[in-house]
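**Q** So you can see what is in the structure, the chains are spelled out below.
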Amino acid sequence: MAFLEKSNWVVLVVGVPTLLVYLFVVVPQVLGQPIAEISWVEPMIVTIVVFVVANVLGNVVAAASNPREADTNDERDREIDRLGERVGNWLIIAGSIVALVLAMARADHFWIANAIFLGGLAGSLVSAVTKIAAYHGPFQRW
Amino acid sequence: MVKPTRVTNSIRALRFAAGEMTQADLADRVGVTRQTIIAIEQGKYSPTLEMAFRIARVFRVPLDEVFQYPHEQDGQEGQG
Chain A
0 MAFLEKSNWV VLVVGVPTLL VYLFVVVPQV LGQPIAEISW VEPMIVTIVV
50 FVVANVLGNV VAAASNPREA DTNDERDREI DRLGERVGNW LIIAGSIVAL
100 VLAMARADHF WIANAIFLGG LAGSLVSAVT KIAAYHGPFQ RW
Chain B
0 MVKPTRVTNS IRALRFAAGE MTQADLADRV GVTRQTIIAI EQGKYSPTLE
50 MAFRIARVFR VPLDEVFQYP HEQDGQEGQG
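Residue numbers (numbering that gives the first Met the number 0), protein chains in the order written: chain A, 0 to 141; chain B, 0 to 79.
One chain only, chain B, in its complex shape:
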């Protein structure tokens, strides 16, 4: 039913860099529950594209500074 996501993220580091913003603060600013921020940080949940953009906007960084997707072994960039 559930395959772990290959999408990784830098939310924890970005929160730290943003004055040690708490998960609750980020959740409030994005408009989601704190549990959802925790699940995203731990790689247990991949947000929708819209939520991903909202998170990136809070940190004022491009989307790919928040979320990363590993390159394929043949050197081609993965889709995601």
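Only chain A is shown next, with the shape it has when bound in the complex:
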């Protein structure tokens, strides 16, 4: 398995549970109490920190397991990476546009922050899935 593929598996293995835990903490509050009273800042910060730190550690472990492979990437890796980033960026942009509209509509900070946060996290996950799929299926530039 190419190092970049391992790296994207790390994103998925770390990102999916992290996102689920965040939703598990926040969604019941959204359903049960006024938005202004929801405690969302701390869970969001913890989620972001855990996601970033776990990704770094996962990549370090993946690189340590095969240092030579970690230093090697070629044009196929770079093209797959570009494709995945392009797909993932659409979700990040979508989240940002939703946040912009919510800000214009003077929505609560909770909704604006979550639109950006969920757009970013979903973008990372979809990008990782796209890259892993490209590694396993046929992948052509045209």
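In case anyone wonders, no lab produced these hints; they're calculated from the structure. Keep in mind it's a predicted model, so treat the numbers as computed, not measured. Just so it is clear, CB atoms sit at the ideal spot from N, CA and C, and this is done for glycine as well. Treat the hints loosely; a few may be bogus.
Residues on chain B that point at chain A, a partial pick, calculated with CB under 10 Å [unchecked claim]:
| # | residue |
| --- | --- |
| 1 | Thr4 |
| 2 | Gly30 |
| 3 | Gln34 |
| 4 | Thr47 |
| 5 | Met50 |
| 6 | Phe52 |
Assemble chain B onto chain A, guided by the hints.
**A** Positioned in the frame of chain A, the structure of chain B alone reads:
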């Protein structure tokens, strides 16, 4: 998103003819990962022209002995 390539290749046969060169050896000599050589051999990835030339150079054969493109049904040669 992805259409299978019509480009075929003889890399496996050429490796065999070159003293049963491994995919890892070929990858090292071309400067790519072994996974990329596997993907090319299986027709899952079409390399750039530059990589194609590097592969052909390893085997010391012309490019069209490594990669082939099928003729069109009307007899005209396909582009590729």
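**Q** Among all the numbered hints in the text so far, which are the ones the structure does not match?
**A** Violated: hint 6 alone.
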